[in-house]
Structures are given as structure tokens and as C-alpha cells.
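**Student:** Sequence:
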Amino acid sequence: MSSYLVVQLYCTPTEADAIRSTLAGEIAKFPEFGDARIEFEQKAEDDYEMHREWAADHPGQDPADRSYYLLRVESLTDVPEPVLRQAEAAVTDWIDSTYNDASDEITEVQWGSYAGTKLLK
Numbered sequence: 001m002s003s004y005l006v007v008q009l010y011c012t013p014t015e016a017d018a019i020r021s022t023l024a025g026e027i028a029k030f031p032e033f034g035d036a037r038i039e040f041e042q043k044a045e046d047d048y049e050m051h052r053e054w055a056a057d058h059p060g061q062d063p064a065d066r067s068y069y070l071l072r073v074e075s076l077t078d079v080p081e082p083v084l085r086q087a088e089a090a091v092t093d094w095i096d097s098t099y100n101d102a103s104d105e106i107t108e109v110q111w112g113s114y115a116g117t118k119l120l121k
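According to my numbering, the residues represented by the sequence shown are 1 to 121, in order.
Just to be clear, a hint being listed does not mean it is correct.
As the list claims (entries may be wrong) - Okay, derived cross-link-like pairs now, DSSO-like style, lysine-lysine, Cα gap no bigger than 30 Å in a straight line:
#1 K43 - K29
#2 K43 - K118
#3 K118 - K29
Stated by the list, open to error - Derived Cβ-Cβ restraints for the label pairs, each shown as a range:
#4 I38 - T12: 15 to 25 Å
#5 A28 - A56: 15 to 25 Å
#6 D101 - K29: 21 to 31 Å
#7 L70 - G34: 39 to 49 Å
#8 D65 - D35: 14 to 24 Å
#9 M1 - H58: 41 to 51 Å
#10 V6 - A102: 18 to 28 Å
#11 P80 - G60: 20 to 30 Å
It should be emphasised that the hints constitute simulated quantities derived from the structure, not laboratory data.
Backbone N, C-alpha and C define an ideal beta-carbon position, used for all residues, glycine too.
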């Protein structure tokens, strides 16, 4: 069994790098992720729906500096489900408290996440 945690982002490169750094720090707090590897990549997306949504929600702000990013943590060992959820919550809570808690209720960093365990092939 192996475990994974994935965070998908739509944000600026600076925000993505800060989130990557935070993710690495949060994962390091859990000994269960001792053999984990973190991958970070900018994704080329053909779907520009997020750009249109961003422009509609942020009049006057150009979405051109925003991109899709993928942060993936992979562990060759089975990380217990509660630990996966705790790590996932730590990262997504940080994103929301750092970027999305403004009083105007506009989401600055859009994210999605999922975590789980899979059989090794």
C-alpha cells in the first residue's frame, strides 16, 4: 500500500511556492510521512474556465499571472487515514486563513484536494 495527498491550485507563482513550502513543513510534522516525496508542477490547462471565473469575480484584475499547479505528496508506506486527513486539513486551512479570509469573501487562491491509499503495482 502507498498513500498520497494532492492539492490542486489556481494562483500566482509566488502563492504556489508559499503553499508548497507550507505543505513541506506540515508534512514534516508527521513521522508517518517519513519516506514521502513531494512533487510540484505547473500544469498546462486547455480549459480557461477558471480564468473567466477569476476575471468575473475580480473586475479590473488580469488573471494572466495565474496558473494551475499540482502539489502531490506520495508515500510508499500506508499512512493512516486520520493522519492523511489531518495533513490535508492543515494545508487547506493554511491556504484559507492566509489567502481567503478577506471580508469581501472573494477567493484569492482557489484549491481542491484529495488524499487516499492505493495498492502498489
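**Student:** Next, verify each hint and record whether it holds.
**Tutor:** Now for the hints, and whether the structure bears them out:
no.	hint	verdict
1	K43 - K29	holds, 28 Å
2	K43 - K118	holds, 23 Å
3	K118 - K29	holds, 22 Å
4	I38 - T12: 15 to 25 Å	holds, 20 Å
5	A28 - A56: 15 to 25 Å	violated, 38 Å
6	D101 - K29: 21 to 31 Å	holds, 22 Å
7	L70 - G34: 39 to 49 Å	violated, 23 Å
8	D65 - D35: 14 to 24 Å	violated, 35 Å
9	M1 - H58: 41 to 51 Å	holds, 42 Å
10	V6 - A102: 18 to 28 Å	holds, 26 Å
11	P80 - G60: 20 to 30 Å	violated, 46 Å
In summary, the numbered hints that this structure violates are 5, 7, 8, 11.
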